[in-house]
Amino acid sequence: MNKLYQILYIFKTLLTNIKENYSYFLLTTTTIILTIYMLGLFWLLFENIHSVIDRDHPQKNMSALIKSDVAADAIEKAIATVRKLDEVEEVRSVSKDRAREEFVVHTPQFKKLLRGLSINPFPASLDIVLAKPLERKALKELSRQIKNVGIFEEVMYEGVFLAKYMALIRTIEYVGFLFIAILFIAVIFVVSNTIKLTLYKRKNEIEIMYLVGASRPFIKIPLYIEGCIQSILGALVAIGFLFASYALIIMRLKSIFLFDLFHTSFSFLSFHKIVFLFFLALVIGITSTTLSVNRFLQISR
Amino acid sequence: MIQLYHVSKTYEGNVKALSDINLTVNTGEFVFINGASGAGKTTLLRLLFKAEECSNGQIILDGKNIAKLKESEVPHLRRQVGVVFQDFKLIQDKSVFVNVAFTLTVLGIKSFEIKRRVWEILKKLSLYDKVDEKVNRLSGGEQQRVAIARALVNNPPMILADEPTGNVDWDLSLGIFNLFEELNKSGTTIIVATHDQHIIEQYKKKVIKLSRGRIVNE
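Chain order of the listed sequences is A and B. If you read the first sequence in this note's numbering, its first letter stands for residue 1, the second for the next number, and so on. If you read the second sequence in this note's numbering, its first letter stands for residue 1001, the second for the next number, and so on.
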């Protein structure tokens, strides 16, 4: 029965602490929200980039962009050469004007913008349909052969853009994770110091608790519960913001052509990753509480 | 029973607070520790509930050397001792009730029992009309009585009081000491540090006189 009353007292103390130090409570929770939000956003972004890069389903279409000022007979010769390749089934020539018209059909929102341009920025190209779907390695080899024909500026197929910048993406990813790790340590430092400030405010009370016979767990448990509440609340709000940001970005992407370029559907963080974000928030809360409480209680004992 | 054998306490900078203290206080005894300011009265009391560690010697409380108590055992020791601090050690922005109930709350006593005991002790110390008053709005004497109430509310087997009547008038002092005497008659060990000769003469109890950290008579 005594334990039950002690538990009731612990929760009562917890509520009083939050009420009396709500500004510190909000500061700590906001710091956790920002950290988890940044980490989640970074993770969401790179997970989706990877889903595009790593996807290697066979493809049947390529597009070869023709250099400017290439004579018509040279183009005809090139079409014939490309047609002779074993992997190629059909080749269709797309003029500069046709490319512009097709772009306008697919993305009418840019119609006005294009009307304002005095020149046609689209290159002429060849739409190449392959005899059978090829995987990325074979596509790369075929694009090299097509480029050797000489009149082509670039040979495009799904994923070529992102694959080209793979090294850069990986570097950004590593730097990003390093930044997150530093941020994580900094946040623990900031949160533990904020908790320490609330402890200093209650120094007298904690000292008296010791002197009248309160055990260490009795003093520490409300502080740990407070840390856990801040963590869970922080993670909840951060994931809510993350989902709102994700929905907003997808909505914006859908309204522009970029979405079609990737030919893919984006996804939110998996359940496991959301659980992991909660876990990280708890790590911040519990580690910060441990650091500040242990040092403080050592002093005020 | 409390036994001190060759107990010394030296603070940082080689400041000697107590030197070679040997004394015995039997269970149920009423003892005054007397001496001028700086004689070591407060230090001696603080050693008895392990608010300080002694530098040398042994302090045996009911057969247990409290110098060797594990950290987890210290709260159990402190729950057996009601302490009246010279500086009161009250939570200034909390009510009289919260301050007095604090000891009982820590022990997990039922709330209606806490209310009953707090009312009882506040009545004995003429503080029942101040129950909801914040401590920082009370006079020094009233705060001292709140500190005494908090020490007694748990009915501890031993009470240590450091200058418990330093801020109250003679009539209230007598009231407080009569209460101590009443508790002592029911078996509570009382150790009071005081420099007040009138009180010592009035109650005619065992006196341990300290001077510069040493016992000069017992």
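Since the hints were derived computationally from the structure, they do not count as laboratory data. In this text the structure is predicted, and so the values were computed from the model without any measurement. Misleading hints may appear alongside valid ones.
From chain A, some residues computed to sit far from chain B (all C-beta separations above 10 Å) [unchecked claim]: (1) Q6; (2) N21; (3) V212.
Taking lysine-lysine pairs in the DSSO-like style, the calculated list, with each CA pair at most 27 Å apart, reads [said to hold, decoys possible]: (4) B:K1070 - A:K203; (5) A:K12 - B:K1115; (6) B:K1130 - B:K1094.
Virtual Cβ for every residue (Gly too), placed ideally from N, Cα, C.
Hints, verified against the model:
1. Q6: violated (4 Å)
2. N21: holds (13 Å)
3. V212: Nearest chain B Cβ is 4 Å from V212 of chain A, so the label is violated.
4. B:K1070 - A:K203: This hinted pair holds, its Cα atoms lying about 23 Å apart.
5. A:K12 - B:K1115: holds (17 Å)
6. B:K1130 - B:K1094: Roughly 12 Å separates the two Cα atoms, so the pair holds.
When held up to the earlier numbered hints, the structure conflicts with 1, 3 and fits the remainder.
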